[in-house]
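Participant: Given the structure of chain L, go ahead and fit chains U and V onto it with the hints provided.
Chains as they are written, first to last, in our numbering: chain L, 1 to 143; chain U, 1 to 84; chain V, 1 to 250.
Honestly, I wouldn't trust all of these hints.
Stated by the list, open to error - Here are the simulated EDC-like cross-link-like pairs (lysine to aspartate or glutamate), alpha carbons at most 20 angstroms apart as the crow flies: (1) K74/U <-> D153/V; (2) K74/U <-> D40/V; (3) K74/U <-> D90/V; (4) K79/U <-> E91/V; (5) K77/U <-> D25/U; (6) K74/U <-> E240/V; (7) K79/U <-> D90/V; (8) K79/U <-> D25/U; (9) K74/U <-> D82/L; (10) K79/U <-> E238/V; (11) K77/U <-> D82/L; (12) K74/U <-> D27/V; (13) K77/U <-> D90/V; (14) K79/U <-> D82/L; (15) K79/U <-> E240/V; (16) K77/U <-> E91/V; (17) K74/U <-> D25/U; (18) K77/U <-> D66/V; (19) K77/U <-> E238/V; (20) K74/U <-> E167/V.
As the list claims (entries may be wrong) - Under 8 angstroms between C-beta atoms, here's a sample of chain U residues computed to sit facing chain L: (21) V4; (22) V6; (23) F12; (24) A19; (25) V21; (26) V31; (27) G53; (28) G58.
Stated by the list, open to error - To list a few chain V residues with every Cβ distance to chain U over 10 angstroms, as calculated: (29) H30; (30) P102; (31) G133; (32) G164.
FYI, nobody ran anything at the bench for these hints, they're computed from the structure.
Using N, Cα and C, we set each Cβ at its ideal position, and we do this for glycine too.
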Amino acid sequence: MNPWLGGAALLLVGGLGPSLWAAASGGAGRRVVAQNMATLLLCLVFLLLAQGYGRTAYVDLALVVAVLGPAGTLVFARLLLDRDSGDPPGARWLTPVVAVATPATVIPLCIVTGPGRATVKLVVIGLLLLAGGVATTRAVRRG
Amino acid sequence: MADVLVVLALMFVAAAATAAVLNRDPARQAVVLSLLGLGLAVAFTVLQAPDVGLSQLGVGSALTPLMILLTVRKVRKGKGRGRE
Amino acid sequence: MSRRVRMGVLAAGLLATAALFVTAFLDMPHFGGAWHPYGDRAVQASVNRRTANTVSAVNFDQRGFDTLGEESILFASVLGTVVLLRQARDERTRAPRPGPVPAALRRYGLVALPATLLIGLYVIAHGQLSPGGGFQGGVVVATALHLLYIAVDYPALERIRPLGLYEVGDAVGEAAYVVLGVAGLLAGSAYLANVLPFGTFNTLSSGGTVPLLNAAVGLEVASAVVVLLARFLVQALEIEGGDGGKEQAA
Chain L
1 MNPWLGGAAL LLVGGLGPSL WAAASGGAGR RVVAQNMATL LLCLVFLLLA QGYGRTAYVD
61 LALVVAVLGP AGTLVFARLL LDRDSGDPPG ARWLTPVVAV ATPATVIPLC IVTGPGRATV
121 KLVVIGLLLL AGGVATTRAV RRG
Chain U
1 MADVLVVLAL MFVAAAATAA VLNRDPARQA VVLSLLGLGL AVAFTVLQAP DVGLSQLGVG
61 SALTPLMILL TVRKVRKGKG RGRE
Chain V
1 MSRRVRMGVL AAGLLATAAL FVTAFLDMPH FGGAWHPYGD RAVQASVNRR TANTVSAVNF
61 DQRGFDTLGE ESILFASVLG TVVLLRQARD ERTRAPRPGP VPAALRRYGL VALPATLLIG
121 LYVIAHGQLS PGGGFQGGVV VATALHLLYI AVDYPALERI RPLGLYEVGD AVGEAAYVVL
181 GVAGLLAGSA YLANVLPFGT FNTLSSGGTV PLLNAAVGLE VASAVVVLLA RFLVQALEIE
241 GGDGGKEQAA
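With the rest of the complex left out, here is chain L (with noise of 0.2 angstroms):
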């Protein structure tokens, strides 16, 4: 059994089941809301996934979600949300969760990593993931 295999595993199954129940019924905001949840803790699924199989190069796949995700979820929040319909619900948990979720999964890959090229690709990753959390929470909650 694998910590960081098992850590996916609780992720897939916590965060981002939950997260296609909110995408799939409710409002627009609550949909857009979950979509972004689903594409942050995603990132951190690959991160996982790349240090439990043991392939660095599976690393690319979560530097990819890091900017297309956000990218993604700026296309929901400019072309589907109503300008004028306010908070949509669960948008104030995206920062707390992100702000959290996030040094908690790269900070103990960072220990394993060691100093060297490879951990600041994970450092790079943990900010472009914190910068776009907050920047797609803006944009959620402009209404």
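Facilitator: Relative to chain L, chains U and V alone:
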């Protein structure tokens, strides 16, 4: 353990695909479709096909939603004028 | 044909497909088995040509001709979409109103754009080493440019997007792939043969023609997506009026 992840990812994909079919409004369907794309990317990766997963992420996370939502906007614009 | 007959035909078709599908699966190797005759040979061939990412070796070296077909499909379908979505005679364009964008979002867009662009180029350049390559990286590059529309403003996107250049880029990317194939013929070998020196395993300059073909595909895909989305954006934001064709049909 690795097989558990495969089963979980496939279950997520099946649930997301079903939800995408059951939602009837194309704009909201695009949100579910985007999550289906993320699930597929995980499924490809746990099946050790990260190249395919990366393609899926590239196309599914921002590009497809943008094309769908722009199309919806165009179609609704046309319909709105027709009713006036 | 009555509804009943139609349903009958559908049921027969579905049953036959299900039967064939199940029969095909009965003879499949088991999931996760250790016997991979094709995989072992593909890995051996890619290591011989010093390409660390076997998938890229298969796509751009061992089966480079198939990829030429795939690239051409994208080229042709974008061309078709451009023709379909052109401005019709009875349609007029209107400059889209700039929408209000929060300053924080604008700042994120301006930081994320170069970062995304760089990641896209990195994915294209490392296709022979790690997951990714021309297609994946090209899509990321094209998405990066559209951050200007989704996080900043549509006119900002229009300023950095001389569409004619991207149309040329699309064609040049497609042509470069075809011409690189001819280089194989000129070197006295087969079309799309890997004729360049293979380089050092697991470095950027490895894999012979694989990185060059990846660059060609990257150029084509990035340009094609930009051209494609430009048509969608013009239709959704600028063009008004003129469903004359629909009225005539009605």
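Participant: Hint by hint, say whether it matches the structure.
Facilitator: Hints and how they fare:
For a cut-off of 20 angstroms, the pair hint linking K74/U to D153/V stands: about 18 angstroms separates their Cα positions. For the hint linking K74/U to D40/V, the alpha-carbon distance of about 50 angstroms lies beyond 20 angstroms, and the restraint is violated. The suggested pairing of K74/U with D90/V holds, with an alpha-carbon distance near 16 angstroms, which does not exceed 20 angstroms. For the hint linking K79/U to E91/V, the alpha-carbon distance of about 15 angstroms falls within 20 angstroms, and the restraint holds.
A C-alpha spacing of about 16 angstroms is found between K77/U and D25/U, which places the hinted pair at or below 20 angstroms, so the restraint holds. Proximity of K74/U to E240/V is assessed by CA-CA distance (about 9 angstroms); at most 20 angstroms being required, the pair is judged to hold. The straight-line distance between the Cα atoms of K79/U and D90/V is roughly 17 angstroms, inside the 20 angstroms bound, and the hint therefore holds. Between K79/U and D25/U the alpha-carbon distance is near 15 angstroms, which keeps this suggested pair within the 20 angstroms criterion.
Only pairs whose Cα atoms come within 20 angstroms are accepted, and K74/U paired with D82/L is accepted, the gap being roughly 17 angstroms. For the proposed pair K79/U and E238/V, the alpha carbon gap of about 16 angstroms is at most 20 angstroms, so the pair holds. Restraint check for K77/U and D82/L: satisfied, since their Cα atoms lie roughly 16 angstroms apart, inside the 20 angstroms limit. Simply put, K74/U and D27/V have alpha-carbon atoms about 48 angstroms apart, too far for the 20 angstroms limit, and the pair is violated.
For the given pair, K77/U sits about 16 angstroms from D90/V by alpha-carbon distance, which is consistent with the 20 angstroms threshold. A threshold of 20 angstroms between alpha carbons decides the hint, and for K79/U with D82/L the separation of about 19 angstroms falls inside it, so the pair holds. For the hint linking K79/U to E240/V, the alpha-carbon distance of about 12 angstroms falls within 20 angstroms, and the restraint holds. Simply put, K77/U and E91/V have alpha-carbon atoms about 13 angstroms apart, close enough for the 20 angstroms limit, and the pair holds.
Distance restraint check for K74/U and D25/U: the Cα-Cα separation of roughly 15 angstroms lies within the 20 angstroms cut-off, and the hinted pair is therefore satisfied. As the CA atoms of K77/U and D66/V are separated by approximately 41 angstroms, the hinted pair breaks the 20 angstroms bound. Restraint check: the Cα-Cα separation between K77/U and E238/V comes to about 11 angstroms, which is no more than 20 angstroms; the hinted pair holds. Restraint check for K74/U and E167/V: the C-alpha separation of about 24 angstroms exceeds 20 angstroms, so the hint is violated.
Checking V4/U against chain L: minimum C-beta separation of about 6 angstroms stays under 8 angstroms; hint holds. Taken as an interface hint, V6/U does not check out: its beta carbon lies about 10 angstroms from the nearest beta carbon of chain L, beyond 8 angstroms. Of the supplied interface hints, the one on F12/U holds, with its beta-carbon coming within about 6 angstroms of a beta-carbon of chain L, less than 8 angstroms. Because the closest C-beta pair between A19/U and chain L is about 4 angstroms apart, less than 8 angstroms, the hint holds.
Taken as an interface hint, V21/U does not check out: its beta carbon lies about 10 angstroms from the nearest beta carbon of chain L, beyond 8 angstroms. The interface hint given for V31/U is met, as the beta carbon of that residue sits about 4 angstroms from the closest beta carbon of chain L, less than 8 angstroms. With a least beta-carbon distance of about 6 angstroms to chain L, the hint placing G53/U at the interface is held under the 8 angstroms criterion. A least Cβ separation of about 7 angstroms between G58/U and chain L falls short of the 8 angstroms threshold, and the interface hint therefore holds.
Every Cβ of chain U is farther than 10 angstroms from the Cβ of H30/V; the closest lies at roughly 12 angstroms, confirming the non-interface assignment. No Cβ of chain U comes within 10 angstroms of the Cβ of P102/V; the nearest lies about 19 angstroms off, and the non-interface call holds. For G133/V, the shortest C-beta to C-beta distance to chain U comes to about 7 angstroms, within the 10 angstroms cut-off, and the non-interface label is violated. For G164/V, the non-interface assignment is confirmed: its Cβ lies about 22 angstroms from the closest Cβ of chain U, beyond the 10 angstroms cut-off.
Comparing the model with each numbered hint stated earlier shows that hints 2, 12, 18, 20, 22, 25, 31 do not hold.
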